[in-house]
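A.B. asks: This is what each chain is made of:
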Amino acid sequence: MPDVYNWHLGRTMTYPYPEAHPTKQFAAVFNINRCIGCQTCTGSCKATWTFSRGQEYMWWNNVETKPYGSYPQHWDVKVLQLLDEAHQAAGVQPQWDHSQASEQAPYGVYNGLTLTEASGPNEQVLGYLPAESEWRSPNFYEDTSTGYKGGAYGLSPDGASLPEHQAWFFYLMRICNHCTYPACLAACPRKAIYKREEDGIVLIDQERCRGYRKCVQACPYKKSMYRGTTQVSEKCVGCYPRVEGADPLSDGVPMETRCMAVCPGKIRLNGLVDVAEDGSWVENPKHPLYFLVRMEQIALPLYPQFGTEPNIYYIPPRWAPRPYLRQMFGPGVDHAIERYTAPSRELLAVLQLFRTTQKMIFRYEIEEGPLVREAEINGKPWQMYNDTVIGFDAKDREIVRLSVVEPLHERPMERLNSI
Amino acid sequence: MFTRSRLIIVAVCLLALGAVLANAPLVSSQGLTITAAAIEGDLPIDAPDSALWQQATAVEVPMSAQMIARPIMPETNAKAITVRALHNNAEIAFLLEWQDATRNDTTLRVDDFRDSVAIQFPVGEGQPFYCMGQQGGDVNIWHWKADWQASLIAQQNLQTTYPNLAVDQYPFTEPAENIYLAAYADRNYLTAEAAGNYLALPTHGSPVEDLVAGGFGTLTTQPLAGQNVRGFGEWRDGVWRVIFSRELTSTEAEDVMLAPEKLYAVAFAAWDGANQERNGSKSTSQWVSFQLASAPGTGAAAPAGAAAQAPLTASVAATQPTGFNPLFWGFIALLILIPLGVGVVMLYFYLGNKA
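If you read the protein sequences in the order shown, they are chains A and B.
Per the numbering used here: the first sequence = residues 1 to 419.
Per the numbering used here: the second sequence = residues 1 to 355.
Mixed in with the good hints, there may be bad ones.
To be verified - Listed below are the simulated DSBU-like cross-link pairs for lysine-lysine, each with C-alpha atoms no more than 35 Å apart in a straight line:
hint: 1; chain 1: A; residue 1: LYS46; chain 2: A; residue 2: LYS380
hint: 2; chain 1: A; residue 1: LYS78; chain 2: A; residue 2: LYS149
hint: 3; chain 1: A; residue 1: LYS78; chain 2: B; residue 2: LYS79
hint: 4; chain 1: A; residue 1: LYS286; chain 2: A; residue 2: LYS149
hint: 5; chain 1: A; residue 1: LYS78; chain 2: A; residue 2: LYS380
hint: 6; chain 1: B; residue 1: LYS354; chain 2: A; residue 2: LYS191
Said to hold, decoys possible - The calculated label-pair distances, taken between Cβ atoms and stated as ranges, are:
hint: 7; chain 1: A; residue 1: ASN284; chain 2: B; residue 2: ASP111; range: 22 to 32 Å
hint: 8; chain 1: A; residue 1: GLU85; chain 2: B; residue 2: GLY238; range: 45 to 55 Å
hint: 9; chain 1: A; residue 1: GLY43; chain 2: B; residue 2: ALA194; range: 19 to 29 Å
hint: 10; chain 1: B; residue 1: LEU152; chain 2: A; residue 2: GLY43; range: 37 to 47 Å
hint: 11; chain 1: A; residue 1: PRO157; chain 2: B; residue 2: ASP111; range: 42 to 52 Å
hint: 12; chain 1: A; residue 1: VAL400; chain 2: B; residue 2: ILE153; range: 56 to 66 Å
hint: 13; chain 1: B; residue 1: ASP111; chain 2: A; residue 2: ALA342; range: 40 to 50 Å
Just so you know, the hints here were simulated from the structure itself, not pulled from any lab data.
Glycine included, each C-beta is placed from N, C-alpha and C at the ideal position.
The following block holds chain A by itself, in its conformation from the complex:
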C-alpha cells in the first residue's frame, strides 16, 4: 500500500490509494462550549435530506451527550477497543511525541497504528458493522452526566468548579468529517466512493453502490448508512449544492450547509480552505478557519489517531476531564482550552463570525476598537477590546460586520412589554 502524509499525525501512514488532494477542502469548526443540544442542526438535516422511506433511522447530523451517548451506540468505544486490541497484538504502545511538533506536524508525531495500518491481511480498514439495534435511540443518554457523590441532597459546591467538573457531560455534534483519507473510500471494493476535486466532499456514487456496507463497517465515525429500501448506502453529502453556490439565495457564492446555517447557538463556522498539492492548508492567516485551526490551534480533529484526517474541528469543552479530551481530540487539548479561556484580541473578534451569515466567509478584516474591559484570567491580566470584524464572501464582497460587544438597545419604559 502507498504511503500518504497525514499532518494530524505528523507522519506518513499507509493507505490503499496514493496521495491526491482536492484544490479546496470543505471544513468546519464546531465550538462544543457553546452547544445547547437543541438538535436544530439534526432536524434541519433530516428535513433536507433524510425524510424519505428507508431513511427513518438516518441522522447524517446528530448531537450526542458524552461520555455515554453515541449514535450508533458505543461507536467510539468500540472503535477505540478494536484499535487497542490491535496495538496489544502488535506490541505497540501508542504515544504522541509533542516535542516533535512543527509546521508540518502541529500536534507532534503519533506512533500508534491507524485504522488502515491495523486492518490485518483480510480487510482494508479495521472496523465493525453496527447491529441494527445500535442505530436505534440516537439520543439515548441525553444530558446524562457522570456520577458524583456530593454532600447533602447530592449537592456540592465543588462538583462543577473549573478546571474540571466532577460531574460532567458535554454535547458532541457530528456530521461526516469529509476526511482527507476517508476510511469508507478505502474500504469500498467497487470504488463507488469518491472525494470531489473541487471541495473535498466525500460522496457515495448512488449508481455504482451495491449495498455491501463495507463503508458502514469501515467508517470509524459511522457516517455511512445503509438504506434498505434502495439496497444501497448513503451518507452526508455536505449540502454540496449549497457549497457549489447553486442555491438561488447565495448569489452564486458558496453557502454553509443547512446544519451550520441554522445553528441557534452559533457554534458552527463552515468554509472552504485552499489545499496545496502536498495536502497541507495553504497559508492564509485571514481565513477564519485557517486562523482557528492552524494559527490559534484552538480547534482540533475528532479522534485523529484513527488516521483519516477528519476535516471537522472542535473547540474542546473547558470543563471536561483532560485525559478524556486528549483521547478524543489528541494532545492539542490543553493548549486549545488555555487559548479559548483567555482569547487573544484577534481570536475574540473571529469567534464572533460563527453563524452570522449563510454564506461562507473566505476572508476577514478587523477594525480596532476601544478597550472595554480588563480582567484576570487564570492569574494573568486580560483585556477585551470592542473590535469590529468584517467577513467577505468568495467574491470578496462584505457579507457581515460585527462588533465584539453586542449592540444594546434599551426599550423606553412605556413600551417595555411590546414585541
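Given the coordinates of chain A, work out where chain B should sit on it, guided by the hints.
C.D. replies: Just chain B now, with coordinates in the frame of chain A:
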C-alpha cells in the same frame, strides 16, 4: 522404519491412481464437466422438484472461500454446490443446490444480508481469470438473490419488518393524502433509483440480475432491457434450490451465447447472508467445463443413486462425452502418468535404500 514409510507413500500413490481410474470424487473442480441434458418440451424453470431434473447428471462442484482480493473472509459456509442442467435447443436451465442452515431473504434492515448464488461464463473465447474475469476478458454473471425472490412472492417493506413504524408523512415521494402535503412527487428523493441503479428499483421482474464484469470491482448491471435471465429459488430443510434459465442465444454482446457440441467454462459462487457474506466474501468454484448435449437422450445419463431426491449426496460424475474429447482424455492421461512417474521414482529410491 524408513522402508515402512516409503512403502506407505507408494501405497498412497497407488491408491490415488486407483481412485482416479475408478472416477472417485476429486478435490479440485478441475476436470469436472457439466453436461446439459437435452429434453423435449418446456424446461422446469420454476420446479426444482420436477422429475425432468433426473435426466440431468448431478455434478458436485467444490467451492472454497475467495482468498485473492480484499476483503477476504477465510471461513465461508458453502463448501460445494450441486449442479444440473437441461436444455431444449431453445432455452437452458440450471438447477443449483447447496446447503445453508438459515434462510436470509431480506435486506431491509441495516445488518441483513441476503443468501445468493451466481453463475459465471466467459463472454468471449478462452478462460479469463476465474474470479470476476479480467481486463479484456469479460465474464457474464447471473446473480440470483433470495430477497428479490421473496419480494416476488410477497412484497417486503418496512411495515412488515417494523410493524410499529410510525411516520407522519413522506413528502415528495408518496402521494399527498391531504392539502398539507406537496401535491407532486420527486423521484430524486429515491437517490439510487433516480441515478439508474437497478438494485434500487422497487420491484424486479426476475430474482436474477444479469451482469458483466472484467476484473475485481468492475461488476456492472446490464441495462434494464438486457435483463434476460429468469430464476426461481426455494429454501427447504437447510437446502437452497435455485433455477436459472435463459434463451440459449442472446443479441447482447455482454451475454454468453450457448450452442450444442461446444465446450464452455462455467464457475459458481454462493453467499451465506447469515455469515454476512457479500461482495468478495463468498465461496467460489474454479472454472468447470460445461457443454450442451446435442439431442435428447445423448446427454450424460444419471448414474444410479444420483437422482433428484438425494441431490446433495450425489457423487461426482465425470463426463461421458458424446465424441472423443481431447481435453478430457489428455487430462485423464496426465492424472494417470504423473502418479505413475512419482511411484516409479519412489520405488527406485526405496529399492536403492534397501540395497
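A.B. asks: Going through the earlier hints one by one, which of them does the structure break, listed in rising order?
C.D. replies: 1, 4, 5, 6, 7 and 8
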